[in-house]
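2 protein chains.
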Amino acid sequence: MKSIYLRLTAGVFLASLIGCQNNKINSPDEHIVMQLQQQALSSDLAYDLVESLTVEVGPRLAGSEKDLIAVQWAESKLKTLGFDKVYKEPVQVPVWHRGEAKASIVTPFAQPLVITALGGSIATPEKGIEANIIRFDSLAALQTASSNDVAGKIVFIDQITERHITGKGYGKSVGGRSKGAIAAAEKGALAIMIRSIGTDHDRMAHTGMMKYKDGVAKIPAAAMSNPDADLINAMLKRDANITINLMLTAQNQGFATSYNVIAEVTGSSKPDEIVLIGAHLDSWDEGTGAIDDGAGVAIVTAAGKLIQDLPTKPARTIRVVLYAAEELGLVGGKAYAKAHKAELDKHYIAAESDFGAGRIYQIDYRASETAYTELLALTTPMTNNGVVLGNNRASGGPDVSMLPSQGVPVASLRQDGSDYFDYHHTPNDTLDKIEPAALQQNVAAYAQFAYLMAQSKITLRPIFVK
Amino acid sequence: MKSIYLRLTAGVFLASLIGCQNNKINSPDEHIVMQLQQQALSSDLAYDLVESLTVEVGPRLAGSEKDLIAVQWAESKLKTLGFDKVYKEPVQVPVWHRGEAKASIVTPFAQPLVITALGGSIATPEKGIEANIIRFDSLAALQTASSNDVAGKIVFIDQITERHITGKGYGKSVGGRSKGAIAAAEKGALAIMIRSIGTDHDRMAHTGMMKYKDGVAKIPAAAMSNPDADLINAMLKRDANITINLMLTAQNQGFATSYNVIAEVTGSSKPDEIVLIGAHLDSWDEGTGAIDDGAGVAIVTAAGKLIQDLPTKPARTIRVVLYAAEELGLVGGKAYAKAHKAELDKHYIAAESDFGAGRIYQIDYRASETAYTELLALTTPMTNNGVVLGNNRASGGPDVSMLPSQGVPVASLRQDGSDYFDYHHTPNDTLDKIEPAALQQNVAAYAQFAYLMAQSKITLRPIFVK
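Just so you know, the sequences run in chain order S and B.
For the first sequence, this note's numbering assigns the number 14 to the initial residue and increments by one for each residue that follows.
For the second sequence, this note's numbering assigns the number 14 to the initial residue and increments by one for each residue that follows.
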């Protein structure tokens, strides 16, 4: 059955190439596409890479000493793997020190809480902030509240993050984390504590970046675990007056230099045109950064290596970009877009792997509407690897999300994120959460994608703008 | 189908009563047995009790201030529920203060570890203990090691706890926790760190009691999470020399008075004979003590309440015992056995619920071999509630485990413990881990068991001794 299927899909694949207009390059070789998949599915390279990164480096908060060790690790690995070019580009990244985070319910029933400081938060006074809490279902509910009710209190945003394969529950709830401190401070709150943006029932709080706004008071911000949020709700049923003590010693400590680490497979006939596959090298500091984003680093590196080792290089250059400081606000992605501004029109397409290690089930694009249908045909062989052809509404991933506004086509290789937000930004982000076979499937998809894009004759621009 | 089944099992049940010799009491009423099940399966009492205990008291380490709040909570609840008698008996319990627990790998790759102090451990020096580790597969492997290899090091016992419905994996691995510090100190180790006795892959360490031995040096003892143990193994593959810094501020602080809290449904015709159903009131301090053992407290209390509310009380007295300080070494259980020594021959049978909130799938006994077969027949109605009739090798649960040696028959109502050791003795022991319907099934089983035992005409003694 398999061989018939392969012949059928190969037929579709070849048919798809009729009418392509990019005449300087040969059509993609269907045998190479299949071979890349087979090689990826039998290679341990990606797992070995993420194992090495999590064991030999571990947590690597951008701007920390460990971040620079991670940069060294990446440069060394990429050089050892034999990429045509390996280099790094400096990025100024904010330095934030987590310090300690403690909280407890003082009344009506004294109990300790499991919390974590949100990234970027300031400290509380040394003895903490002790105040009544006021609960909101969501950021939107807080935003419509009266300052009279909020002033002098600790805001508690209690939005539950729904589980979904696409991770869309995160998008719905994360605003409370990123913008909650601003909204709370505008109404005179003393601090903010959110229900973790996570789908688990573990007694672990999920960290993540939060923002302040010029002209609005900065207030301390923390997240509590889901069971702790449940506990507070149970107490609120008994007594509307809950007093919490929150103590953080977090500190913002200026800026440091980190690096985007880059490796290239030089294109054979169009070396100045770039197919970018990226991931971010930094991680939060409480886990070992296995699924976020050690997995992505491993996937795109291993995919690039498979193409590096092809007997004949594809036409365009494959650029593997390991971004700095994604967690602290897409810092490396923005720096890349700025540093490479003059070259962006030579970026054929870009994609980032930053959604854990679950299997890729779909590929979406953002190209011209005409090109999109051609892309579907071109990437039909990816269906053999379980990748369904999707839509033309991709954002491409966090660190390449600013590229479409500059005209750069992107693709999103959608991973099954059903359990991603169980572990995301917690101490639980460790190697054991990665299934080796799923990682191999990701490598196969990225290798096929990168090769097909590097040999594609399709004109992708101007991209569809919604 | 159900009614036919009920009639059939009722037939077996009635047949079983032929030949019983205990003539002072009436046979158990089959309608009451069924009614107890129906009432239990439609009652929220047990869930409300464990919710109240975890929300209004929460963590209640024996000997702490919260332990006494739990005692007050229990006395008050039992009185409110209208038991015939409610009283408490003092128990001297050790006082142990957890303090802080920190550890990190210093070389070859600096990384923080997630650990917890083991209960009863002493502190390290203020700056911690920094030493090479030596790994063992098990306590047995440590016990056969050479002192030359162990002296001056931190012992790492790396035994994996296997998942099983009976929890038997715990029995195989827990020796490393309880006796590891003695074995390590006898060979000159500076400290001991074990892989957590837990079946999860969460980055949470499992605490639990450890022991010292007179004449052997006391050394600090801690557990690390399973992912941390995996991390150390990954490093050991790269470098046999791993240095760890371990810092504990734990303190043993003498003794305090706690209480076994007891409620009774007075027997109608044999009030001096006792059917004991117990659980332990204390908990570890990092979770809220929901599955260990808030669930048990709720189950036996709700079961006793159902019998308290029967129009006609059964012959024997039902005694609900909420033990003190089980976690610190079955302290309340031992105190009860001592305080009630003269009365133990009047204990018809005893059972403790202390294995979480999973469904009961089997009931085992320890009685005479003759009585055992009669017990199987007597308790056949429990099969309607999913409880299979088991063997005659029960231990009865931790706090009643010392009673068989004094001749007291016991029963073990076996709960499905497949996920119990995922959460056991961690911050993750919270209310959300309890399925309300499973809790109801437990209450039904305990209510039926207690009623049947209180009305039983079977002579259980002398009990089988293996």
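Since the hints were made in silico from the structure, they are not lab data.
It cannot be assumed that every hint is accurate.
A pair holds if it fits inside one copy or across any two, identical chains being indistinguishable in the list.
Claimed, not checked - With a cut-off of at most 20 Å between alpha-carbon atoms, the simulated DMTMM-like pairs for lysine to aspartate or glutamate come out as follows:
no.: 1; residue 1: LYS250; residue 2: ASP162
no.: 2; residue 1: LYS140; residue 2: GLU113
no.: 3; residue 1: LYS479; residue 2: GLU143
no.: 4; residue 1: LYS192; residue 2: ASP432
no.: 5; residue 1: LYS250; residue 2: ASP445
no.: 6; residue 1: LYS250; residue 2: GLU64
no.: 7; residue 1: LYS250; residue 2: ASP57
no.: 8; residue 1: LYS185; residue 2: ASP432
no.: 9; residue 1: LYS347; residue 2: ASP243
no.: 10; residue 1: LYS326; residue 2: GLU277
Tested hints:
Taking identical chains as interchangeable, the C-alpha atoms of LYS250 and ASP162 lie at most 20 Å apart only when both belong to the same chain, with a minimum of 19 Å there against 58 Å between chains. For the homomeric pair LYS140 and GLU113, the shortest alpha-carbon distances inside one copy (12 Å) and between copies (18 Å) are both at most 20 Å. In this assembly of identical chains, the alpha carbons of LYS479 and GLU143 never lie at most 20 Å apart, being 47 Å within a copy and 59 Å across copies at closest. Taking the closest pair of Cα atoms, LYS192 and ASP432 never come within 20 Å of each other, the shortest separation being 25 Å inside a single copy and 38 Å across copies.
In the homo-oligomer, the alpha carbons of LYS250 and ASP445 lie at most 20 Å apart only across protomers (17 Å), although the nearest pairing inside one protomer, at 39 Å, exceeds that limit. For the identical chains of this complex, LYS250 and GLU64 are inter-copy neighbours only, at 12 Å across copies versus 46 Å inside a copy, given an alpha-carbon limit of 20 Å. For a Cα distance limit of 20 Å, the shortest separation of LYS250 from ASP57 across copies, 17 Å, qualifies, whereas the shortest one inside one copy, 52 Å, does not. For a Cα distance limit of 20 Å, the shortest separation of LYS185 from ASP432 inside one copy, 16 Å, qualifies, whereas the shortest one across copies, 31 Å, does not.
For the identical chains of this complex, LYS347 and ASP243 are neighbours neither inside a copy (38 Å) nor across copies (36 Å), given an alpha-carbon limit of 20 Å. In this assembly of identical chains, LYS326 and GLU277 lie within 20 Å of each other by CA distance solely inside one copy; the values are 11 Å within and 83 Å between copies.
Hint check: violations occur at hints 3, 4, 9; the rest are consistent with the structure.
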